[in-house]
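Chemist: Chain by chain, the residues:
There are 2 protein chains.
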Amino acid sequence: MPKGVSIQVIRRLPRYYRFLTELEANGVDKISSTKLASVMSATASQVRQDLNCFGGFGQQGYGYSVAGLREEIGRILGLNNIHPSILLGAGNLGRALATHLNFEQLGFKLTAIFEKDKKLVGTMLRGITVLSDDEIEEYVRTHDVDTAMLALPKDSVEKLIDKLYALGVKNYWNFSHYDISKKYSDTVVENVHLSDSLMTLCYRINEKNKTE
Amino acid sequence: MPKGVSIQVIRRLPRYYRFLTELEANGVDKISSTKLASVMSATASQVRQDLNCFGGFGQQGYGYSVAGLREEIGRILGLNNIHPSILLGAGNLGRALATHLNFEQLGFKLTAIFEKDKKLVGTMLRGITVLSDDEIEEYVRTHDVDTAMLALPKDSVEKLIDKLYALGVKNYWNFSHYDISKKYSDTVVENVHLSDSLMTLCYRINEKNKTE
Numbered sequence: 001m002p003k004g005v006s007i008q009v010i011r012r013l014p015r016y017y018r019f020l021t022e023l024e025a026n027g028v029d030k031i032s033s034t035k036l037a038s039v040m041s042a043t044a045s046q047v048r049q050d051l052n053c054f055g056g057f058g059q060q061g062y063g064y065s066v067a068g069l070r071e072e073i074g075r076i077l078g079l080n081n082i083h084p085s086i087l088l089g090a091g092n093l094g095r096a097l098a099t100h101l102n103f104e105q106l107g108f109k110l111t112a113i114f115e116k117d118k119k120l121v122g123t124m125l126r127g128i129t130v131l132s133d134d135e136i137e138e139y140v141r142t143h144d145v146d147t148a149m150l151a152l153p154k155d156s157v158e159k160l161i162d163k164l165y166a167l168g169v170k171n172y173w174n175f176s177h178y179d180i181s182k183k184y185s186d187t188v189v190e191n192v193h194l195s196d197s198l199m200t201l202c203y204r205i206n207e208k209n210k211t212e
Numbered sequence: 001m002p003k004g005v006s007i008q009v010i011r012r013l014p015r016y017y018r019f020l021t022e023l024e025a026n027g028v029d030k031i032s033s034t035k036l037a038s039v040m041s042a043t044a045s046q047v048r049q050d051l052n053c054f055g056g057f058g059q060q061g062y063g064y065s066v067a068g069l070r071e072e073i074g075r076i077l078g079l080n081n082i083h084p085s086i087l088l089g090a091g092n093l094g095r096a097l098a099t100h101l102n103f104e105q106l107g108f109k110l111t112a113i114f115e116k117d118k119k120l121v122g123t124m125l126r127g128i129t130v131l132s133d134d135e136i137e138e139y140v141r142t143h144d145v146d147t148a149m150l151a152l153p154k155d156s157v158e159k160l161i162d163k164l165y166a167l168g169v170k171n172y173w174n175f176s177h178y179d180i181s182k183k184y185s186d187t188v189v190e191n192v193h194l195s196d197s198l199m200t201l202c203y204r205i206n207e208k209n210k211t212e
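The listed protein sequences derive, respectively, from chains U and L.
Quick note on the working numbering: the first sequence kicks off at 1 and runs consecutively.
Quick note on the working numbering: the second sequence kicks off at 1 and runs consecutively.
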């Protein structure tokens, strides 16, 4: 992949991948940039510009092969490179993540789940027996763990992060407000801040109401 | 607020608000742009530039008043303007949202929760009795409902959206992959695509591994 592709373009690729997966499932073989843009509610020039960042895949007068473009974007994202992962937290959020996401199609494989609440330890989730959080260290020492998914509150992450980092876990999907990459700059962290999303929604509703 | 502030700047405001709330809770009275930038892992010039979009609040040689800046950003976001909201879906995700988020501090108030699964109807969540999804129409007709939070799969949203829109619900916090604003362009929709976040994480891990 060419260097210097901005993170903004990268962040749009999952969306392309998602729409192309759907088009392929619906039996669509090829698509023009105009039509792809329309499906994605983007402009055709934006689509062409984004895909040109990766060398372009379209043929003049033919458009894009849906399966080919999907495969190529999957390759750029590296989704076939499966990262063994542990989930910390089997509360409502952890259970929602474990239940609804197709990890294997998104570049991850969930191999173990840990929970502090003893009532939940021993229950099954996605075919995995929930372990006690006392067992994290032993598990990570004896298994290949690439990524930790943190469905935990901020203070729990604060208590755990030094241990996880010392054990060599450097990649995090983080639902807490704890700022991991500030403490450990050589980590890769994707934060999901649901409250930020709600505040943005609040702003946008207010702005719309002003113009009505 | 000045017109023409980009959505990129707006999307950073919740983050400022979050950090300022924390600083205030920790008893910090005033803060320089350099220090605020450091707390937020941003550059001081970025912080000054962002805050200047709204007229700037800092005083030379003094910095920013934490409480004053927080209040001002809260005012810009309109967080004191509370939007009455319903939650659709009381499964794991819906329960996680209802349990963990301080809606009232984020511009929303959860007034009712609806669920298809009869086993969950009648249970309590955040002090609210979960209602059957048969009751949505009656509820929305007889109550002030500004926003719907959709903790539902795509096909459920597809089935419900026409009814909700016809009932006058135009604002959505959407966890499904159903593209609401494509169908109804006068809606305000914040989408949370957890799978996109995971794919981005996958890409970033692979990129890091290439350079190691």
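In short, the hints are calculated from the structure, not lab data.
Watch out, some of these pointers could steer you wrong.
In silico DSS-like cross-links for lysine-lysine, where the CA-CA straight-line distance does not exceed 30 Å [to be verified]:
id, chain 1, residue 1, chain 2, residue 2
1, U, 116, U, 163
2, L, 35, U, 154
3, U, 119, U, 163
4, U, 116, U, 170
5, U, 170, L, 208
6, L, 182, U, 30
7, U, 208, U, 183
8, U, 208, L, 154
9, L, 170, L, 154
10, L, 35, U, 170
11, U, 182, L, 30
12, L, 35, U, 163
13, L, 183, U, 109
14, U, 118, L, 118
15, L, 210, U, 109
16, U, 35, L, 159
17, L, 183, L, 163
18, U, 163, L, 210
19, L, 182, L, 163
20, U, 210, L, 163
21, L, 208, U, 159
22, L, 109, L, 170
23, L, 118, U, 163
24, L, 35, U, 35
25, L, 119, L, 109
26, U, 159, U, 109
Chemist: It remains to establish, for every hint, whether it holds in the given structure.
Modeler: Hints versus structure:
Straight-line distance between C-alpha atoms of residue 116 (chain U) and residue 163 (chain U) comes to about 15 Å, which keeps the hinted pair within the 30 Å bound. Distance check on the hinted pair: residue 35 (chain L) and residue 154 (chain U) sit about 22 Å apart at the alpha-carbon level, within 30 Å; holds. For the proposed pair residue 119 (chain U) and residue 163 (chain U), the alpha carbon gap of about 24 Å is at most 30 Å, so the pair holds. Between the alpha carbons of residue 116 (chain U) and residue 170 (chain U) the distance comes to roughly 22 Å, so the proposed pair stays at or under 30 Å and holds.
Between the alpha carbons of residue 170 (chain U) and residue 208 (chain L) the distance comes to roughly 10 Å, so the proposed pair stays at or under 30 Å and holds. With a CA separation close to 21 Å, the supplied pair residue 182 (chain L) and residue 30 (chain U) stays within the 30 Å bound. Distance hint between residue 208 (chain U) and residue 183 (chain U) is unfulfilled; the C-alpha atoms sit about 39 Å from each other, more than 30 Å. This hinted pair checks out: residue 208 (chain U) and residue 154 (chain L) have alpha carbons roughly 26 Å apart, not beyond 30 Å.
The hinted pair formed by residue 170 (chain L) and residue 154 (chain L) meets the criterion: a straight-line CA distance of about 18 Å does not exceed 30 Å. Our distance criterion of 30 Å between C-alpha atoms is met by residue 35 (chain L) and residue 170 (chain U), whose separation comes to about 26 Å. The hinted pair formed by residue 182 (chain U) and residue 30 (chain L) meets the criterion: a straight-line CA distance of about 21 Å does not exceed 30 Å. Between residue 35 (chain L) and residue 163 (chain U) the alpha-carbon distance is near 28 Å, which keeps this suggested pair within the 30 Å criterion.
For the suggested pair residue 183 (chain L) and residue 109 (chain U), the alpha carbons sit about 34 Å apart, so the restraint of at most 30 Å is broken. For the given pair, residue 118 (chain U) sits about 28 Å from residue 118 (chain L) by alpha-carbon distance, which is consistent with the 30 Å threshold. Distance check on the hinted pair: residue 210 (chain L) and residue 109 (chain U) sit about 20 Å apart at the alpha-carbon level, within 30 Å; holds. Note on residue 35 (chain U) and residue 159 (chain L): the hinted pairing holds, with a Cα-Cα distance of about 25 Å set against a maximum of 30 Å.
With a CA separation close to 13 Å, the supplied pair residue 183 (chain L) and residue 163 (chain L) stays within the 30 Å bound. Simply put, residue 163 (chain U) and residue 210 (chain L) have alpha-carbon atoms about 25 Å apart, close enough for the 30 Å limit, and the pair holds. As the CA atoms of residue 182 (chain L) and residue 163 (chain L) are separated by approximately 16 Å, the hinted pair is consistent with the 30 Å bound. With a CA separation close to 25 Å, the supplied pair residue 210 (chain U) and residue 163 (chain L) stays within the 30 Å bound.
Under the criterion of a C-alpha separation no larger than 30 Å, the hint pairing residue 208 (chain L) with residue 159 (chain U) is consistent with the structure, at around 26 Å. With a C-alpha separation of about 16 Å, the suggested pair residue 109 (chain L) and residue 170 (chain L) falls inside the 30 Å cut-off, and the hint holds. For a cut-off of 30 Å, the pair hint linking residue 118 (chain L) to residue 163 (chain U) is broken: about 43 Å separates their Cα positions. Of the supplied pair hints, the one linking residue 35 (chain L) and residue 35 (chain U) is violated, its CA atoms being roughly 47 Å apart against a limit of 30 Å.
The straight-line distance between the Cα atoms of residue 119 (chain L) and residue 109 (chain L) is roughly 25 Å, inside the 30 Å bound, and the hint therefore holds. Pair hint residue 159 (chain U) plus residue 109 (chain U) holds up; C-alpha atoms about 25 Å apart against a cutoff of 30 Å.
Of the numbered hints stated above, those contradicted by the structure are hints 7, 13, 23, 24, listed in ascending order.
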